[in-house]
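Enquirer: One letter stands for each residue in the lines below.
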Amino acid sequence: EPEVTQTPSHQVTQMGQEVILRCVPISNHLYFYWYRQILGQKVEFLVSFYNNEISEKSEIFDDQFSVERPDGSNFTLKIRSTKLEDSAMYFCASSERPRYASTFRTDTQYFGPGTRLTVL
Amino acid sequence: DQQVKQNSPSLSVQEGRISILNCDYTNSMFDYFLWYKKYPAEGPTFLISISSIKDKNEDGRFTVFLNKSAKHLSLHIVPSQPGDSAVYFCAADTTMGNQFYFGTGTSLTVIP
Numbered sequence: 001e002p003e004v005t006q007t008p009s010h011q012v013t014q015m016g017q018e019v020i021l022r023c024v025p026i027s028n029h030l031y032f033y034w035y036r037q038i039l040g041q042k043v044e045f046l047v048s049f050y051n052n053e054i055s056e057k058s059e060i061f062d063d064q065f066s067v068e069r070p071d072g073s074n075f076t077l078k079i080r081s082t083k084l085e086d087s088a089m090y091f092c093a094s095s096e097r098p099r100y101a102s103t104f105r106t107d108t109q110y111f112g113p114g115t116r117l118t119v120l
Numbered sequence: 001d002q003q004v005k006q007n008s009p010s011l012s013v014q015e016g017r018i019s020i021l022n023c024d025y026t027n028s029m030f031d032y033f034l035w036y037k038k039y040p041a042e043g044p045t046f047l048i049s050i051s052s053i054k055d056k057n058e059d060g061r062f063t064v065f066l067n068k069s070a071k072h073l074s075l076h077i078v079p080s081q082p083g084d085s086a087v088y089f090c091a092a093d094t095t096m097g098n099q100f101y102f103g104t105g106t107s108l109t110v111i112p
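These protein sequence lines map, in sequence, to chains Z and V. When we follow the working numbering, the leftmost residue of the first sequence carries the number 1, and every step to the right adds one. When we follow the working numbering, the leftmost residue of the second sequence carries the number 1, and every step to the right adds one.
Since the hints were derived computationally from the structure, they do not count as laboratory data. We treat Cβ as the ideally placed atom computed from N, Cα and C, and that holds for glycine. Treat the hints with caution; some may be incorrect.
[Said to hold, decoys possible] Heads up, simulated SDA-like pairs for lysine to any residue below, C-alpha to C-alpha not over 20 Å straight-line:
| id | chain 1 | residue 1 | chain 2 | residue 2 |
| --- | --- | --- | --- | --- |
| 1 | V | 5 | Z | 44 |
| 2 | Z | 42 | V | 8 |
| 3 | V | 71 | V | 53 |
| 4 | Z | 42 | V | 22 |
| 5 | Z | 42 | V | 54 |
| 6 | V | 54 | Z | 108 |
| 7 | Z | 57 | V | 3 |
| 8 | V | 54 | V | 67 |
| 9 | Z | 42 | V | 2 |
| 10 | Z | 57 | V | 41 |
| 11 | V | 5 | Z | 40 |
| 12 | Z | 57 | V | 94 |
| 13 | Z | 83 | Z | 47 |
| 14 | Z | 42 | V | 58 |
| 15 | Z | 42 | V | 32 |
| 16 | V | 5 | Z | 83 |
| 17 | Z | 42 | V | 53 |
| 18 | V | 71 | V | 84 |
| 19 | Z | 42 | Z | 58 |
[Stated by the list, open to error] Derived list of chain Z stretches under chain V, where covered just means 3 residues or more per stretch with a C-beta under 8 Å from a C-beta of chain V:
| id | stretch |
| --- | --- |
| 20 | 17-28 |
| 21 | 111-117 |
[Stated by the list, open to error] A short list of chain V residues far from chain Z (calculated; beta carbon distances all over 12 Å):
| id | residue |
| --- | --- |
| 22 | 28 |
| 23 | 61 |
| 24 | 104 |
| 25 | 109 |
One chain only, chain V, in its complex shape (with noise of 0.2 Å):
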């Protein structure tokens, strides 16, 4: 039951251009949305995270927007650096849940 999709598993950027992952669900409870970012051989580090009372929330070279009525969220990264390169996984959650639901994740190659 893939509740949380990221439909690309890898996508190659140049160095200084904007790289987009996009990640869609499919449970309209869901109302609690982060990207994390993992590096090999290591855990999932939290980047950013956007409530769905909002549709946007910017953190330095990060920007997360929230469709709801397409279920649909991205994670803008401006401008792209070689060392961004990880494989990123989007994740979910409900108000009153207490687990996340993971996509399988991009993996992000930031070419210098």
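So here's chain Z without its partners, still in its complex pose (with noise of 0.2 Å):
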């Protein structure tokens, strides 16, 4: 069954450095979202991105996020200078279309394993 798949599974990095986290989408999908969840909280919506631009962003998607779909397999999900507060289980997560233009079941979301991302 496709999948969607994540790198690195674990990334730690020190506070104000980048980093890029990688999805791979289910390859015939064509909406793209990212999600992270703070150890013990709930999971909170990021971006969601469509032909090459992003479609929605949440308050917590400020200039220090951009993502990218730099080649027809990869998106990513860059933070320009890490904060403490960052540090996270940063999920990506691929639809074949968005909900409101076709059947419930081609719209399902299906998630990657995430990436945990420890800022120090």
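Hints in hand, dock the two standalone chains.
Expert: Below you can see the structure in the form of structure tokens.
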């Protein structure tokens, strides 16, 4: 069964450093997402991406964050200058279509296993 | 701003019995609801969904009930199995939205 993959599984960085988290969405999916989960808290939406541009973003997704689809397979999240509070599990997800354009089954978001980011 | 709430952080159930996980929401614009299951060190896995035009959706051992007037949904697992032990997240979305709003999760332990 196709799955979303993420690398690395664990990233440790110093405060102020740039990190890039990588995701390979399911191949026929067109919509991509990043979520994060701070330890012990809920899963929070960061950004959605379609047709090489951001569709929606949350308040968390400030100027320190950026996303890119550098080629036909990868989807990346960059944090320019990491802060201690950026420490979290970051999940990438993809869906075939947005929900409002399809039957429910094809718009389900499929999540990757996550990258645990630790900022020291 | 906690728009989706799961007030029970944990639940323990005997194998073979029913597990009932609850979720409340505050945003009346939500019209699509999902349950995700998450094992340690893995991403959330889609389990079952329901549209606001329905009040029940069933898939094998899993049934989701939606009470729109109470802004409440629940996931029933019958019969519960040890492999169901995981964290269950409720999520909600609006018609034109493309993001899911997640609850904080309920950790289910099914005791053999």
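Enquirer: Give a verdict on every hint.
Expert: Each hint tested on the structure:
no., hint, result
1, V:5 - Z:44, "holds (13 Å)"
2, Z:42 - V:8, "holds (13 Å)"
3, V:71 - V:53, "holds (13 Å)"
4, Z:42 - V:22, "holds (15 Å)"
5, Z:42 - V:54, "violated (26 Å)"
6, V:54 - Z:108, "holds (18 Å)"
7, Z:57 - V:3, "holds (17 Å)"
8, V:54 - V:67, "holds (9 Å)"
9, Z:42 - V:2, "holds (9 Å)"
10, Z:57 - V:41, "violated (26 Å)"
11, V:5 - Z:40, "holds (14 Å)"
12, Z:57 - V:94, "holds (15 Å)"
13, Z:83 - Z:47, "holds (19 Å)"
14, Z:42 - V:58, "violated (26 Å)"
15, Z:42 - V:32, "holds (18 Å)"
16, V:5 - Z:83, "violated (28 Å)"
17, Z:42 - V:53, "violated (27 Å)"
18, V:71 - V:84, "violated (26 Å)"
19, Z:42 - Z:58, "holds (14 Å)"
20, 17-28, "violated (count 0)"
21, 111-117, "holds (count 4)"
22, 28, "holds (18 Å)"
23, 61, "holds (19 Å)"
24, 104, "violated (4 Å)"
25, 109, "holds (17 Å)"
Violated hints for the displayed structure, listed by number in ascending order: 5, 10, 14, 16, 17, 18, 20, 24.
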